[in-house]
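For the protein sequence lines, the chains are A, B, C and D, in the order given. So the mapping is simple: this note's numbering equals the position in the first sequence, first residue as 1, plus 21. So the mapping is simple: this note's numbering equals the position in the second sequence, first residue as 1, plus 21. So the mapping is simple: this note's numbering equals the position in the third sequence, first residue as 1, plus 21. So the mapping is simple: this note's numbering equals the position in the fourth sequence, first residue as 1, plus 21.
Think of the hints as simulated: they come from the structure by calculation, not from any bench. Values in this document were obtained by computation on a predicted structure and should not be read as measured data. Note that CB positions come from ideal geometry on N, CA and C, so glycine has one too. The reader is advised that the hints may include incorrect statements.
Just the calculated beta-carbon pair ranges, DEER-fashion [said to hold, decoys possible]:
1) Ala245(D) / Lys104(C): 54 to 64 Å
2) Asn200(A) / Asp201(D): 20 to 30 Å
3) Lys104(C) / Ala173(D): 38 to 48 Å
4) Glu30(B) / Arg322(A): 26 to 36 Å
5) Thr244(C) / Gly289(D): 40 to 50 Å
4 protein chains.
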Amino acid sequence: MDYPKILEEITAETKSLFGKGKVATYIPELGKVAPEQFGLFLQLNDGTSYETGDSRVKFSIQSISKIFTLAMAFGLVGEELWKRVDIEPSGSSFNSLVQLEYERGIPRNPFINAGALIVTDVLVSHFERPKEEILRFVRALTGNDDVYFNHAVARSERETGYRNFALAYFLKSFGNLKNDVERVLDVYFFHCSIELACCELARGMQVFSNHGLNPFNGERYLTASQAKRLIALMQTCGFYDEAGEFTYAVGLPGKSGVGGGIAALLPGQYSIAVWSPELNGKGNSVLGMKALELFTTKTGRSVF
Amino acid sequence: MDYPKILEEITAETKSLFGKGKVATYIPELGKVAPEQFGLFLQLNDGTSYETGDSRVKFSIQSISKIFTLAMAFGLVGEELWKRVDIEPSGSSFNSLVQLEYERGIPRNPFINAGALIVTDVLVSHFERPKEEILRFVRALTGNDDVYFNHAVARSERETGYRNFALAYFLKSFGNLKNDVERVLDVYFFHCSIELACCELARGMQVFSNHGLNPFNGERYLTASQAKRLIALMQTCGFYDEAGEFTYAVGLPGKSGVGGGIAALLPGQYSIAVWSPELNGKGNSVLGMKALELFTTKTGRSVF
Amino acid sequence: MDYPKILEEITAETKSLFGKGKVATYIPELGKVAPEQFGLFLQLNDGTSYETGDSRVKFSIQSISKIFTLAMAFGLVGEELWKRVDIEPSGSSFNSLVQLEYERGIPRNPFINAGALIVTDVLVSHFERPKEEILRFVRALTGNDDVYFNHAVARSERETGYRNFALAYFLKSFGNLKNDVERVLDVYFFHCSIELACCELARGMQVFSNHGLNPFNGERYLTASQAKRLIALMQTCGFYDEAGEFTYAVGLPGKSGVGGGIAALLPGQYSIAVWSPELNGKGNSVLGMKALELFTTKTGRSVF
Amino acid sequence: MDYPKILEEITAETKSLFGKGKVATYIPELGKVAPEQFGLFLQLNDGTSYETGDSRVKFSIQSISKIFTLAMAFGLVGEELWKRVDIEPSGSSFNSLVQLEYERGIPRNPFINAGALIVTDVLVSHFERPKEEILRFVRALTGNDDVYFNHAVARSERETGYRNFALAYFLKSFGNLKNDVERVLDVYFFHCSIELACCELARGMQVFSNHGLNPFNGERYLTASQAKRLIALMQTCGFYDEAGEFTYAVGLPGKSGVGGGIAALLPGQYSIAVWSPELNGKGNSVLGMKALELFTTKTGRSVF
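Construct all of the structure, not just a fragment, from the sequences and the given hints.
Okay, structure coming up:
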């Protein structure tokens, strides 16, 4: 497969989409990012890699961090986790709160904010210093110690993230949040503020495409069965209200973030990260979605 | 792979689940089926096949018929179809009506009843005799002319299916049903009443695992891209409120029916049908779900 | 109290509102009414009456008919009725269907369409010829035999009232509609098509302001306690999503219809009917609402 | 009217209901109240009064305080208030959050918690020391300086009222809460913790039954029109999900609280307060509701 040529084509074919989306501004700090950027990094399981564009520029991974915290929590408590958070797609974002009410405080899945707060709560219960542990975990997965929180982004979200406060207190009212609300939110805002470049993010996804084994340090983080299950979750729930559209158009399990990043993978074969800050109306990167659709079409390699 | 041994093990390991579920009775005719039955048929893309148990006993495919009518309608109108029905998971069944109201009469996906009624409506618009065309289509896909509607089941559902009448009139009130409500429902109830045995159903799924080409008559029914897209839809939306659970536990795209059947496939490799009439609380076959979970675990062959 | 002068002032002060609303067109036949009409009829309990404008022009009473059918059904089955329909305000119209689903087919109150269908169902169960009985009842209450259905309006609604079909089938799916759906809807569409002039409608409301006694034939139709209870229901539930607004601005119990009519009363003192076909965004007559607000302000006589 | 005899009968006829309800425990401090207590105080507009039972025992007025804060805020900002909170009944409590979401952060009415938080927010914006101002206001209305917050109850609610935190942050996320969430909640929890006896509460309602004039100090607090409007609001929205039931059975505007108190009035004639701590499933006092129903039936004096 001529990957360099495919990446070149993708760069050329997505360029015209600059300006079609909007940089997220609901977290004021995120609104400061220059919009016309695009990066892609492909990490094959055999160790080779290919990249194009702004693949070495750090960006705020935001919700993509949820797969890392989920992997940590799932590794710690296993299937017990599903007693506190379900594994079903959430339908429309519109229903998030009423669903939570109807289902008595059990979030639909660990990738909607309510579910991710439960996952964070598990980490807060298990670790004395959960923020440090999360950083350590992401550094290990990416094989790179140059990974940090962006304190300004975390603070910015804390000051404006009223809806997340509402969700957390709502979970607390159902008894499904064990720790202090402010403490859980603090850890949550920080892990969302982690910054990675595409090259690091694609490598960080290898643990999933590699059946639970971290190729960078040879350690096993998840059983093969656990890795498979988290991948299944990414497939059905990883793209908010666009999970169906993404599965339909791209056919890869993955996770997106409002920072404009998308991480995806083909089990046993490769992981891939794209980034471009302009988002469509559903909060996913315009160029990122298109780039992945072109990639699976041109390579003919998707899960379906 | 020693398929005969695997199928034998599955039969042995699921046997203890008889009695854990309940035969569907909301359609009175369906309630007459003997509960302790189990069949499985595996059709490899290379033409070989394996089977066990009641794999030659006909059963009511019910909602599984929706993938056949969807394939027909998608072949006829292509991407235009998604203007009238979305491709996103539906969240919880609880929200079906409010979601339809919120989204102004556009069903979340073609596998929930509201969406399947839109698909049927497309067929009613295109064919003078839609019921005959559906039968012809299913016969061609299964390579078997011995395929019929069960008139008693169709009548039984027509007499008690008030909720489907409500859905159809609700769609009509939004202008998203073009034909007479009674006529669309008639065709809908009939296509749900089709009876197939596992051996026929597994063969009928080959068109999807075979990239749109019907291996039994050599004809192309869908482009490779269209087949891929319908498979993606089965993955995210094929199991009602248990789509996430099924993807998580089994990892195959497919579709279930309240008759107790489940059809699934691994693109390019195999299609498989299981049947056992006892259902869990979410309307999926208890033994069928377990059998497929065991099958992908034992063979190690799923999409993830 | 100088009623003639007050009515004259009201006519003058509401005139400028012509053109601020829109004649209902969702029932095509209703759309044919000339918009710039306004009538008011005041019937004091002492037998004297005052009127202004188009108070003798017949109009389609539509939902106002629900108070007459409710009085009939309540008279027949008494408090038993509230096992099948609740007596609480419905919140927003948006929730009608989900609330019905959440509350297992028990409509919130007898004035929303779902509840009125239950009331009609009671009449269909009790009478062999319910349509004739309803006409007879309304004729007796209004002291006028010149009261008829408008067949064209009833047919027009039957042909386009898909949402009412959806509601009726939904109720049927919960087992809360005893008779054939088509038959109940037929009676429902007909009773909504009754035509009255303000003078007749105001008189028809006397039974409520007169503690259950029909002053025109001396017969008792409801106990004083029953009359009081139906009046309470009109107060909390009579104006759809504007019940609060109406109670706030006018302070009288009553009922509106999309034909542009509003009937209201002050227990023990008077009944009043206004009519003007142009509706506000919530389906209530623009001039009618204003006229009643002016009337209670100028007379200082409301329930509060 | 022989009020002493009527009150005696009511006491006798409600006694058998002790034990049919449950003392509220969701605020732990409230759960400490002895359940078998019942008091009633009737204040006629002519200055005479009648009482029975525990009419001089202080209890936590909880949500009844919302009518006092509403009267303060309405007096301050007038009709402007309705831009931030609506005046419609809320339908079912079940929908509170989804309705808030659907209506973009505008609560349905000022008596549901979300609406009362908006009202409190107005007071926080207008007063430097809102808690002191609220106390001063309630003391003036009741003509009694012996009125205090219960700090233990306020603290108890602050420590367990996660759902109110969720609501407040949700309002904040829509921009409909101007002040700091914690500060608004603090004032809210304190005003709910005010303790009054029936004799004080009935007197405090005189300002409403007396057209806005406080009979105890001769000062006007509301215009007659404003008083009428707040009374209309109590009628349609004062009893949560039982507003219809209460209007139906009692026929008086009023407000209940989970402390077991109910305040009600007949405009121009009397105000009345009852208290008994055991609540029905919808959070209203069992004996209190019954006592008021008996009172309006026996006296024949209600708004309808």
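- Hints violated by the structure (listed by number, smallest first): When the structure is compared with the hints, numbers 1 and 5 turn out to be violated.
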